[in-house]
Amino acid sequence: MATPSTSTSSTPSTSTASSPASPLWQRPWARWAGPPLIVVVLAVLPLVMTESANDTLARIGVFAVAVLGLNVVMGYTGQVSLGQIFFLGLGAYVTAYGVQSGWNIVLVFVLTCLIPAVVGLLVALAAARLGGLAIAMVTIALPIVGVPLAKRLSDFTGGSQGLSARFVEAPEGSGLYDDQWQLYVVLVIGGIVFLLTSLLVRGKYGRAFAIVKGNENVASSMGISPYRYKVLAFTIASLIGGVSGFLYMVVVQYTSPETMSFGHSIELLVAMVIGGAGSIVGSILGGAFYVVVPDLTNAVDPSLTALLQGALLLAVLFVLPGGLVSLPRVLMRRLRRSPAGRGSAAPPTTPSSTTGSGTAAEETETERQGHA
Amino acid sequence: MGKFVQLVVDGLSTGSVYGAIALAIVLVHQATGLINFAQGGMAVLATYVAWRLTVNDVPLIFAILVSILFSFVVGAVVERWLMRRFERGDPDTAVVVTIGLLTLITGICGWLWTYNNQQFPSLFPLDTVSFLGVSISIRSIGTTLVIVVAMIALQGLFVGTKLGLALRAVAINPESAASSGLPVGRLLMVGWGLAAGLGAVAGALVAPQLTLTPGMLDSTLVYALAAVILGGLTSPIGVVVAAWIIGVLENLAAVYVPFIGFDLKVAVPFILIFVVLIVRPQGLFGRKVVVRV
Amino acid sequence: MNMHLRSRKALGIAVASALAVTMSGCGGDDTGRSGDAAEGAPSPGITDDSVTLGITTPLSGATAGPGTCTVAGVTAYFGAKNAEGGVEFGDGKTRTVEIEALDDTYDPQQAAANYDQLKGDVFAMTAGLGTPTNRAWRDAAIADEVPQVLIMTGDPLFSDTEESPWQLGFVPIYQNEGEAFGEVLATSGGDHRVAILSQNDDFGAGYVEGFKSAIEGADNIEIVDELTYEATDTSVDAQITELANSDADVFFNAMSVTPLVISSLQKAQQLGWTPSWFLPSNTSSPTAILEPGGAAAFPGIYSVSFSKAPQSPAFAEDPDVVEYLAALKQYGNYPDPPAFPHCQWSWMVGATLEQAFQNMEEPTRDSFMEALRSIENFEAPLMLPDTSVNTTEGGQPAVSTVVVQKYNGRGYDTVTAFE
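Residue numbers (our numbering), protein chains in the order written: chain A, 1 to 372; chain B, 1 to 293; chain C, 1 to 419.
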């Protein structure tokens, strides 16, 4: 594996200089053209696709954001959280209640960010002092206690019958269908969340998270308070979870106690690992896995969904233990190793950075493997 | 008073079931360092095997013994061919693999034997004994006793026997265990096999009351995890006692603390864990793990 | 944006695959929406030879038992009909009826997603199980003008014609069932002390509400204790213990979880508490629940029902039952004896749909809804005498008549008074 180094991300010169025929995406113009191209594609996509494809993409967006939140606290900071779905559910309830009470939608959105964040903050303040398994337990408690609590507080939550809130209809005159508008809303809000989060984890906070994840004693000896960063990570994760709850209401337009059931928490964990823990792109892949797999197994045989999903999960992890996001890396390694490949330069074992990017997780993984 | 004793006795019985799965989880963790989310699912699979045998008129005890053996083999095979690959890597990935295993096993059971509730014959008669004005079901007593025996056996295994010692050595430090001549691979398989076998016993004890379905032990799993954390990952006695405490306190809180009531009684184990862990982070009975930096 | 090389590669592949997947769903002309259909144009899901119905219901997970039944019954019914050549519709054409079922694992989000998948291909949605799962896409069905009919939930909202113009429940609303028993009890004459244990959701609450409204003002009935339990509980022993202490002589038990009913029957006996017992229609099966629970020990087990229990020896020779059991095996992909009443109810749904099909004059969803809403006194196969399907009553689901029955050791007898 690449030797850890403290350099920053690669510069164009290193990548292009080493091999004459460097892959498409390493060329300088691709780095500049890439992001805008993606934006254009995403802008056009909702207009050309079918309603059901738009629906699916929107749902992927919702759960990609939820998985992203989980990644912040678990993938990047290494704290086990099995309660992320609670914040999604809380955000959804806040949204539903606010919409039904006729509040201004911007106010509702702000509350959907704030309330779960505050709850997350309180939980973290209490739990972050405890060891790893204990945090896991406290986070498990959130959905497990949350469901009966949602039923009990039926004045706010509609009890076991849930709350419907249709509030995302395409504005008159825009010429858009509802599903297109909903997808745009998800893309915009989700995109902003992803952007902000990726800036966060690539910055000094991301580095601090990674150090706390690696070894808390080392972190405190470096002056980084594990407690503070754990609380921060958890609060951010809860905030993101709340936003995903808002998006959930945008797309599904109904919530009930089942939204935050413990089973879904486990599914989010699975989605995170399958997508690729500690990775921004992995969160998107995880969201896609969460949404697409049940539809896929339904298409194959509706009475065998559990069996097929379990088999698929195991198959993916068997082939790609690092998650779907590691597919390119695994493929490249295969190509490199193939005898036909004229050792086309071990593409520069790209100097890995210790920022909170995708490789940070890989590194800690190999560290653990080395010490096993 | 009668009601109080009744609730305690019932709580002990429910707690015994949580404890059985908790024991299996502890065993797997001692042997391979993993938390196995599929522990309950594997137990259910074994119980289905026992059930099929009883449907074909095989005597119950024999059917259960066969299912224990079957489960042992399944556990060992799963360890060798599925989990081995993930044991040294990221623990979160390993947990998710066990979750995938649980989903797969549940799906297989649903496919082979449907999701309908199947009747599983009871090892113990359905009668009750009257004791101090409280009627205690023989099944509750029997379940609790079997778990106590299992708990003592497991504790004895870990502390007193060479096998137990070898299992623990392999989990703590596979390299030096290997260089001491221990057959690491085989020991790992034995660890998983024993845990699976224990799960089969738990399944057979519980199925008569819960009726046999693929998801029979799903809610039990959460309580078992709670018991494991409360009692300490390293202590068989600890987790069973923790499981009992959880079962009893849940019942008592539901009845005597009206604010909690029956719908929120599930919060009790977690409040308990939280309180205990603040005071004793390693759990009631666990040993402190010291890591040299 | 300074992105790391590998993540960018990964992102590139991710976007490329996303594009690939979605290009396959790329619309072109398809980008029209379901609400766009012109008046009078044939609805989707129906051709001159066949009509397709959609079901979203739990086929895995804790509620998969009843969920599988909700598909099996209607599939068996139309499987048998298709084998005879199909159903003759009101517009003169004979069509086969196809069923497309998807698993939603009792997750409302998945149910909504299943609906989105199915709505373009099916003529109507039917038979799905659960209140939250049906509520999740109720608003969408109304907006898209897709029928969501004869669904397996006793939630009154679906039968409110004004609120839910495209919906219709099948099974009696929970309040009706509770009320039926309450009435029998209230008119019984003697003094009774009632203990209540109900599931903590709209199912249990509905039953209790109906029961209480029926006994309101009846001086001889006193509710002495009232408790709840969660559908996910593994045991209700604690609740039974407490209720036993109340010394009630009637136990109103609104439970929908089979093993919990069995264990509460057993626990009550162990405690020496043998009240008269009331069970709801979906958990009162003699073979699946009463026998394992040792029901013979109780002076009376009552239930409300509108369908014959096929394993009851009284119906062993009943031609409806014989035909139903055979079709279930042959066409319904359900080889075991029906484990839940939902199998029978789903069969009745099939029969009711056939009535609607026979009366609808145009192959449109509007015409279908009109025909469906005008069924009066239809005695569907497997229905008990004195019960019938009646969809003309506003605010009531397709079945609103139930009879009170008492367990006789092998099956049930209809009773009109509490003994």
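Possibly wrong hints are sitting among the right ones.
Stated by the list, open to error - Subject to a maximum C-alpha distance of 35 Å in a straight line, what follows is the list of computed DSBU-like cross-link-like pairs (lysine-lysine):
#	chain 1	residue 1	chain 2	residue 2
1	C	K212	C	K406
2	C	K329	C	K81
3	C	K329	C	K406
4	C	K93	B	K3
5	C	K93	C	K81
6	C	K406	B	K3
Hints were generated in silico from the structure; no laboratory data involved.
Hints and how they fare:
1. Between the alpha carbons of K212 (chain C) and K406 (chain C) the distance comes to roughly 21 Å, so the proposed pair stays at or under 35 Å and holds.
2. For a cut-off of 35 Å, the pair hint linking K329 (chain C) to K81 (chain C) stands: about 14 Å separates their Cα positions.
3. Between the alpha carbons of K329 (chain C) and K406 (chain C) the distance comes to roughly 29 Å, so the proposed pair stays at or under 35 Å and holds.
4. With a C-alpha separation of about 67 Å, the suggested pairing of K93 (chain C) with K3 (chain B) is violated against the 35 Å cut-off.
5. The suggested pairing of K93 (chain C) with K81 (chain C) holds, with an alpha-carbon distance near 14 Å, which does not exceed 35 Å.
6. The suggested pairing of K406 (chain C) with K3 (chain B) holds, with an alpha-carbon distance near 31 Å, which does not exceed 35 Å.
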